[in-house]
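Chemist: Residue numbers (my numbering), protein chains in the order written: chain F, 1 to 248; chain L, 1 to 1027.
Since the hints were made in silico from the structure, they are not lab data. Incorrect hints may appear among the rest.
[To be verified] Not everything, but these chain F residues come out facing chain L in the computed CB check (under 7 angstroms): (1) Met56; (2) Pro59; (3) Gly78; (4) Thr138; (5) Thr140; (6) Gly143; (7) Ile166; (8) Thr167; (9) Asn175; (10) Tyr202; (11) Glu206; (12) Gln216; (13) Gly217; (14) Gly220.
[Unchecked claim] Facing chain L, a subset of chain F residues (Cβ under 7 angstroms, in silico): (15) Asp67; (16) Glu80; (17) Glu142; (18) Thr144; (19) Lys191; (20) Ser197.
[Said to hold, decoys possible] Here chain L is said to cover these stretches of chain F; the calculated rule only asks that three of the stretch's residues, wherever they fall, bring their Cβ under 8 angstroms from a Cβ of chain L: (21) 40-48; (22) 95-104.
All residues carry an ideal CB built from backbone N, CA and C; glycine is no exception.
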Amino acid sequence: MKKILLVMFSLFFAAQINAQTADEILDNYFENIGGRDAMDGLSGIKMMAKVSQGGMEIPIEIVQLKDGRQYTKFQLQGIEFFQGVFDGETLWNSNFQTQKAEKADAETTENMKRNIGAFPDPFLNYTDKGYSVELLGTETVEGTETFKLKLTQKPVLVDGEEMENITFYYFDSENFVPIMVEKEMMAGPMKGNISVSRMSDYQEVEGLYFPFSLSQGVKGGGSQPLMIESISLNPEVEETMFKFPEEN
Amino acid sequence: MNLLNKILAVGILVAGADYAQAQEPIVLSGDQLFGDLKARHIGPALMSGRINDLEGHPTNNRVIYAGTAGGGVWKSSNGGATFQPIFDKHTQSIGTVTLDPKDPDNKIWVGTGETWTRNSVSVGDGLYKSVDGGVNWTKVGFEKTERISDVVINPENTDIMYVAAMGALWGDNEERGVYKSTDGGNTWEKILYVNSRTGCSDLVMDPENPEVLIASMWEFRRTGWSFESGGNNSALMKSTDGGKTWNKIHNGFPEGRLGRFAVAIAPSDPQRVYAVLETEKDEDKGLYRSDDGGASWERTNGDFGLVVRPFYFSRIVVDPKDPNVLVKGGLTGSISRDGGKTFKNLGNMHSDIHDILFDNIDSYRMHVGTDGGVYRSWDGGETMEIVQNLPLSQFYHISLDNEEPYNIYGGLQDNGSWYGPSSSPGGIEARDWNSVGAGDGFRVFRHAEKPIVYSEMQGADNIWRIDIEKNQVTTIQPLPVKGDPKLRFNWNAALAMSPNKADRVYVGSQFLHKSDDMGNTWVKISPDLTTNDPAKQNQIESGGLSMDNSGAENHCTIFAIAESSLDENIIWVGTDDGNVQVTKDGGNTWTNTVASIEGLPSNTWAYHIEASTHDAGTAYVVFDGHTSNDWTPYVYRTTDFGQSWESIATDEIYGFARNIQEDYVNKDLLYLGTEFGLYITVDGGKHWNQFNNNMPPVAVHYVDLHPRTHDLVLGTHGRGIIIIDDISPLRKIDQEVLAKDVHFFDSEPFVMYEEGGFGGNFGSETEFVGANPNRNAKITYYLKKRHVFGKMNMAVQDLNGNTLIEISPGKSKGINVVDWNFMIKQPRVAKGKTLAFGGLTSPRVPAGDYKVIMTKGKQSYEAPLALNYDPRSPLTEEDRVFKHNTTMKLYKMSEDLAYLVYQIDAINERAEQIKEENSKSRKVMDEVINELTKLKETLVITTGDNYVGSAEPQLREKLLNLYSKVASSYNMPTATEMENLQFIEETFADARESFDAIKKKQIKKMEQFIQKNELKPVEIKAFDDFK
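Could you put together the complete structure from these sequences and hints?
Modeler: What follows is the structure, encoded as structure tokens:
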């Protein structure tokens, strides 16, 4: 009897898996992480995290706001460095040697501008953003069955030419949350390699679920884990945090 | 359903499933089981490997594709400086790469199956398509064509396309011919078919009139012992109506049988057509030119470079801008700048040129595909330079030694014989590899005790014994003696070592030759062990219209030799014509056991025999039927010296197999090398799992297992050497483990190796550098499910439960490997203006016993972890204690200094605030600030930057420099270092005294002021909170 039940369960489950469309997967996803409305209501997010590898422990603070403003701040021996600071117009980073701010090149900045609107989740109202989503099928990654979704966002500039901006998301077929993301690197000396992010440790923050563990690396190579210690929603952030320091 | 309910429901379902399935064995696919066990690729790339086809982007000359003979498709986005593999989930043998003319950034077609049909050629399994620039691929069909030579697309309407199917090399094949699609490749119609022996080896389209097509139809066939190119059905056919009707265009060609054609239409003048012909008479062979679209032909040149080995070199490429400039593939490659009348060789590069790519913008920029990788030229082919990051080496065989680190030895298609290390400072670079042979290299071995390497070249023309210390080479192959028939050696001649006697060497001709003195004296210890079928020994007639008696077709030879490690008198021999012979008395008597193998077609090539290391009567044989057009994997085991055999192949294995390796510890753990990758069984062959983790489905010709490191080493025919480090967790996989939620695998104590140096990165920006093994401690566990929700942490603790460091655990379903570099956190460092680089050093823990604690949700798991010191270290136990204590003293000093500076900063900050809050405070506060600032300036750097603007080092920098020196040294602290430590300790003590003095005087006054005026006091964290 148990066996028959199991077979029925399996059939039901298998049928469910087969019948998925990209939008159904995303419906499940948003339901599971707290709902579209709650996501849409977010004005920003602030994460306190650390990279811990080989004895080195680097505290990191990441802020992303709905209007595209963002920064990443990390500390080495108490000294603060900034990466990917964007006020909507200017993108800048700290120079490691001089510890002073330097502007990113025009193309990188332009691509950052084109990314405005992706917050808090590119899949949220993706058609309104001009993005498209396609279900490519199922694939076993991280040992487990996933749905592979292709997300196409606004084109990016590479060496002055517009290129398609494609990311592949692998949604765990049991929980309907992404556990891995792959993207081809479009520029720089690593051009052509595939960057891989793995997500886990989803936890609730005020009714919404976020992955508290992220590991980023290159396909076939090593990866660097980012452990998130806390997440606060709709943070109050001083406007000056994003501005390029003009004394430079 | 909310999330919680959902998780709960899934949990119940899974729990129910567990219960119901308790009696059923758990069978996981490779992707579900192997988890973090990942292959690493070490190349080499310095000799690279064979290239079949090059393709350029029509407008962006930075984008180039290389379709390789056995290593997949590689893409360059930087003008050929470096390439990336983009086809690693699919068949690695490539016939053609074609870009969609209208959407070349996204739409790519790959026809698999190499088209240069040498004896060792791999096979393809159909046509693939990508619509996203090569990130994802789908198979379109044509599974049975084996080789696709061209995909041609109408540039005006890209829904109209043609596929040229060359077809099977080793047998009849109905799928050959030309196919057409009018719906972008969804449906296909066969529009040209000659017969089951004649395929389409080239298909070209008029760039100005896509209705015009020319197809070269080639009659060809290879067997294990012969090759035949040409026949009455070979023809050059033309269609002017998009493939509806075809006509021979032989006006000007000689009569009689024809062989393989090369054909090309000049892009800038489509009436100009070039064809190279293989004909009956030598004087008719060569280049033919047509100036009327193929209506008539005139022979213009018959140079060696034009007629050499048509089956291997039938490629002509015409300059896109100049119809008079053309290049012909060949031994050296030939270029003409006068419309094919005269030729000269291309510049120096690896021989055997298979394809040429002219840059669309600058024709003097060329890329050339050879047997030894891709070369580029900036001057029209005069000077060639190799692309250094294509690890496409094609190994026939590999072996290992017992050095530290161990070396890998092996022979390569057309690229000699080599050995190189399994690890090297900074990664395994081209310069780490050593050449130990010429020609086609095959089997290479290291003497078990002496600095001697054996290697060979094709057909045992030479077997070399090389003293790698003295750099002396001796040739030692067995020679015929009176009464001997002609000795027949395979192209890949059987050469084997004895696992019992270090000086013993075996060589197989049709006889088994044994030497007990490293090849000086040979004794035949068998009769002819082959079928000695005379019909398979006419190699002098091999080749068809172009004689091709290279030795590659030698047959009725011994191919596999295995002496049992348990008994030197037990020797197994496999032959290329299908015999499996065994002797139990050192060669006095032989038994042919093949008749007792059921289900094996007769005369199937006995490719590898593995004598068990667990039981003398047990052996494994892998037969390769692909040279009889049979892709079935044949894997058999005997446990009674071959009286009976049992098949251990299952339907899970795709394609034919070549090699098997038995595990040294678990006899049910077997590793199988096949044409399409690596398969592993953990249950003695009941189920096989394909290993895909960073492992493309490349032809694995040889598998070896290192007895000391437990590394599985694969000799691949297209992607060099691939290693899976330490497979020992697989030895423990059984049903009990698979049923658990979490299972930690026992580990041997880890050695904390003490080495480091200056790995060379100079000039390696565009060079392939092989990955080194990871020598950290490895925490290995099995997870039944992928961890998704809730916290999952891992920490290393001492036995008292003190956490030394937190590490990030793996979350995959299957086997997870987490590594730890034996280090604890870096010390807390005093905050200055700039970084103190000495503070980036982490100390290692002492050797001993530790535990790993993993928490997953509410569950907690514990596993022991033991560490040993490097056995090569001269340090005594007492030395170790002294060194560790010194390191930790400095570590603690850094933290104390950090705390001191923190207090100074906190007091100063508050003093500044009070100055703002109360104008009468200025004098008191300024005194505090002045004194503390003066002190701080002696403690840390307070000005400058992290580069050449750096300020003079202060106490922090001096202290951390010494700390870093002592912590990262492999020796005892030196006398100088100890004196330096004393000096720093004294300086630090002085600083503390100064601070105490300021506290008693200036700070006390500040505190009194605060009290009196009821201001907020200075807030200072306790030391433990600060840390």
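Chemist: At least three residues with a C-beta closer than 8 angstroms to a C-beta of chain L: is that true for the region 40-48 of chain F?
Modeler: Not satisfied, violated; 0 residues make the cut.
Chemist: Can F/Gly220 be said to touch chain L, with a Cβ gap under 7 angstroms?
Modeler: At about 5 angstroms, which falls below the 7 angstroms cut-off, the nearest Cβ of chain L leaves the hint on F/Gly220 intact, so it holds.
Chemist: Take the shortest C-beta to C-beta distance between F/Gly217 and chain L; is it under 7 angstroms?
Modeler: 12 angstroms, violated
Chemist: Answer holds if the nearest beta-carbon of chain L is closer than 7 angstroms to that of F/Tyr202; otherwise answer violated.
Modeler: 5 angstroms, holds
Chemist: Does the CB of F/Gly143 sit less than 7 angstroms away from some CB of chain L?
Modeler: Holds, because the Cβ-Cβ distance from F/Gly143 to chain L comes to roughly 3 angstroms (cut-off 7 angstroms).
Chemist: Does F/Met56 pass the interface check with chain L, least Cβ-Cβ distance below 7 angstroms?
Modeler: 6 angstroms, holds
Chemist: Let's test the interface hint: is any C-beta of chain L closer than 7 angstroms to that of F/Thr167?
Modeler: 10 angstroms, violated
Chemist: Is the interface hint satisfied for F/Ile166? The criterion is a beta-carbon contact with chain L at less than 7 angstroms.
Modeler: Holds - the Cβ of F/Ile166 comes within 7 angstroms of chain L, reaching about 6 angstroms at its closest.
Chemist: F/Glu206 was flagged as interface toward chain L. Is the shortest Cβ-Cβ separation under 7 angstroms?
Modeler: 14 angstroms, violated
Chemist: Does the nearest C-beta of chain L fall within a distance shorter than 7 angstroms of the C-beta of F/Ser197?
Modeler: 13 angstroms, violated
Chemist: Against chain L, with CB atoms and a cut of 7 angstroms, does the hint on F/Glu142 hold up?
Modeler: 4 angstroms, holds
Chemist: Restraint: F/Thr140 near chain L, CB-CB cut 7 angstroms. Satisfied or not?
Modeler: Holds, about 4 angstroms.
Consistency note: the structure conflicts with the earlier hints numbered 2, 4, 8, 11, 12, 13, 15, 16, 20, 21.
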